[in-house]
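Engineer: The lines below spell out each chain.
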Amino acid sequence: MMRRKEGRAGFLFALPWLFGLVAFMFYPLLMSLYYSFCDYSALRSPVWIGTDNYSELFHDEVFWTCVKNTVLYACLSLPLGMVIAIGLAMLLNTNVKGMTVYRTIFFIPSLVPMVSLAMLWLWILNGDYGVLNTALGAIGIKGPNWLGDVSWTKPALILMSVWGVGNAMLIYLASLQDVPTSLLEAAELDGASAWKKTRNVTLPMISPVIQFNMVMGIIGSLQVFAIPFVMFPGGTPARSTYFYAMYLYDSAFTYSRMGYASAMGWILFLVILLLTLIALKLSNKHVHYGGV
Amino acid sequence: MSKLSDFFIPGLISLSLLALVGTELRSHPTEDETKAHIAVWVGWSGFEYDAFQSVVNDYNQSQTKVYVDLLSISGNSTKTLISTSAGIPPEISLLSAAEIPQFADAGAIEVLDDACKQHGWTADKYVPGYWNVLQYQGHTMALPATPSTVALHFNTDILRQAGYTKPPETIEEMDEMVNKITKVEDGKVKLAGFLPAEPGWWRWAWGPYFGGKLWDGKSKITMNTPENLRAMKWVESFSKRFGPAQIQSYKSGFGVFASPENAFLADKVAMEVQGVWMHNFIQKYNPKLKWQAAPFPYPKDRPDLKGHTIIEQDIFVLLKHCKHREAAIDFLDYLQKQGPMEKLCMGQKKSSPLRVKSPEFWAKHDNPYIHLFDDMAYNKSCFSTPKIGIWPEYDAEIANALDEVSLLRKTPEDAVRTIDERMQPKLDQYLNRLEKRRRSGK
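Heads up: the sequence lines are chains A and B, in that order.
Each step along the first sequence adds one to the number in my numbering, with nothing skipped, and position 152 is 152.
Take any residue in the second sequence, note its place counting from 1, add 1000, and you have its number in my numbering.
If you are wondering where the hints come from, they were derived from the structure by calculation, not from laboratory data.
Every clue listed holds true.
In silico EDC-like links for lysine to aspartate or glutamate, alpha-carbon gap of 16 Å or less:
hint, chain 1, residue 1, chain 2, residue 2
1, B, Lys1220, B, Asp1428
2, B, Lys1190, A, Asp128
3, B, Lys1426, A, Asp60
4, B, Lys1117, B, Glu1326
5, B, Lys1426, A, Asp52
6, B, Lys1190, B, Asp1267
7, B, Lys1180, B, Asp1157
8, B, Lys1035, B, Asp1069
9, B, Lys1426, A, Glu61
10, B, Lys1220, B, Asp1420
11, B, Lys1188, A, Asp128
12, B, Lys1323, B, Glu1033
13, A, Lys142, B, Asp1186
14, B, Lys1306, B, Glu1172
15, B, Lys1426, A, Glu56
16, B, Lys1300, B, Asp1175
17, B, Lys1306, B, Asp1375
Throw the hints in and build the complete structure from the sequences for me.
Structural biologist: Structure, rendered in C-alpha cells:
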C-alpha cells in the first residue's frame, strides 16, 4: 500500500518532466520519422513520398562529401582528444604544489562558448598574421593557410577540437583518483615500471570511463556543427568543411526541405546508434568493472 | 508520511510548474489592449533599426486602433518560417526579395493584388527595377522596404598612382587596370586591383554581368551557356594571373566588413562592388578615403549591358493566417507613402523605391552618388536573383563552383556543367512536387 502511494507521489513529481519529454522529445522524434517519408517544407502540410528522400540522399554528391568530411573529422579528432584528455588527466593527477591552479587552467578553455571560441580561432589560425603561424615562423616553419587551403581546413578544426578536452579530462581525473592506491603499491612492490603500472593497473581501472567518453565522443564528433558553421559558412573553401550537421541544418532551414533534413537526421541517428553498439561490444572485453 | 503530504506537495509543485509555463506562454501586450497589435519582424539592427523604429513611432502616435509591435530578430527569415509553420506568424515580416518564391510557393504569404488596386500600389508609383522584383508568377507578393543597386566603388588614389583618372568602362579595361594595380612581391600579393571573391556577396552575379541568364524563366537551369562560362573563365583568370594560394593568403588578412580592416577601406583592394550603404561605412571607418562609384563595367562586345546593376531589396511581406490582416495592410499603406518611405530610406542611407522623391530627399541624402544608384534601377539591363524556389540551393552551388574554379580544382567548363547537372533535377523535382500539390489542393 505504502509502495503504491510512494509510486503515485513519484509519478506526480515527475509529471512536469514527463510532459516535457513527451511533448518536446517523443512527439518531435516520431513526427520527424514521418516527415522523413514526406515532401515537407514546414510551411505546407507534408505529402507522403515514400522512400524518395532516402534514395535521393544516396545519390546526392553533397551528402557524400559531408559524410566523408564528418567521418574523417571524427576518426582523427576522437582518438586525439581522448589521448590528450587522458594524458592531461594523468599529469594533473600527480602530487605537485599548486595542482588546483593547473587543473583550473586546463579546464577553463572548455568553458568558452562555441561562437567566441570560433572567433578566437579565426585569429589564431589566420594564415597571414595568426598567432599560430607567427609562432611557427619564429622557429623557421612556414605555416599553412589554415583557413583558406582545402588541405588544411580539416586539420585546423581537428586541432581546435583539442581545445575542448577539459570536460573529458575532468571525468578522467575523477576516475583516476578512484584507482585504488593499494593496487598501484602492489604493482610497485612487484617491480612494475611506471608504464607497466599505467598499462596494467590504471588504464584497466578507468576503462569504464574511457568507454563512456568514447561513446560520448562518437556522438559529439559526428554531430560537429557550431564551430565550422561560424568559422566556415557554407563549408568553404570548396565544401572542405561542410559537415553532416551543417548540411542537415541548411536543408531544413535554408532550403526549406524539412523532409529531406529529417531523413538525414534519422540516418545519422541510426549510424550513431550502430557505432555506439559496436563500440560497446568491442570494448566490453577490455572494460573492467572491478574498481572501487 | 501523511496522506495529505503524499499528494498535496508533489501535486502543488506540478501545478505551479504548469502554471508558470502557462503564464510564460501568455503574450504580454506592451500598450493599450484595446488596440489591434500587429507584430512586425525585421532583421535590421543598429542605425537601420533605429530609422525604422522612428517611422513606427510616428505611425503608432497617429493611431487610435492599431499598435505596431516592432521586433528586431537575428535570422528573421528562419524564424518567420518556423512561426508560420507553427500557425502563429507575425503580421508583417521583412525578407529579402530573393526569398519571395520560397514563401510564395509554400502559400505562406498573401498575394497583394487586391490590396495594390485598393491602395494604389501600382507599377507607375515605383522605380521599375524595384517593382519588378516584387512580382512572382504574375502577382505582387510583397512591398518594397529599402532598396539598393550596386556599383563599382574605386579608390581614386590607388587608381591615380597607377595612371588612371577614370574608372574602367569595360571589363577588358578593368582587367588591364587590375594587372597594372595588383602588386605581387616575393610570391605574396601586396595590393589587389580587384578580387571577384571580395566581398563575395553576389558571386552568382558574374554570369549576369557577362549577359548570362541563370534560368530560362520557366523550368530550365541555364548555367552552361557561353556567357556564364565566360564569367567563370574571367573568375579563373585572377587565380591564373596571381596564383590561387597567393590570393587566398592575401584574403585571409582582410578584416570583417564593418571595420577599419575592411579590404576596401584599408586600401587592400582598389575596386570593389558595393551597394549604396558603403558610403556610410566609409564615413564611419575611413572618412579620409578618396573614392568614387560608377556602374560595373560591361564586356566590350556587349555595349547593350552598359549601366547594368544588381537589384537588392528588403521587402515587406504579409503573412497568411495572421491575426490582424487589415491593420497590417493599413500599416503597409502608411509605409508606402512618400514621407514615411523617405524617412526610412534616408535614415538607412539608401535609395527610395518610389519614383517621385522630394527635393529634400536629394538635397539631404548623405551619399554623393545617390543619383547614380537611383538611375541604375531604371536600366533595362539591371538584374536580380532568379525567381525560383530552389534559389538558396542553387546559389550555394554557384558559390561552391566558383570556389572550385578559383582554387583551380575545377575547370570553368566542368564547373558550369556540374551546376547544370546537379540543379536541373532539383528544379524538375521541385516543380513536379509543386504541381502535384496544386492539383491536390495541398
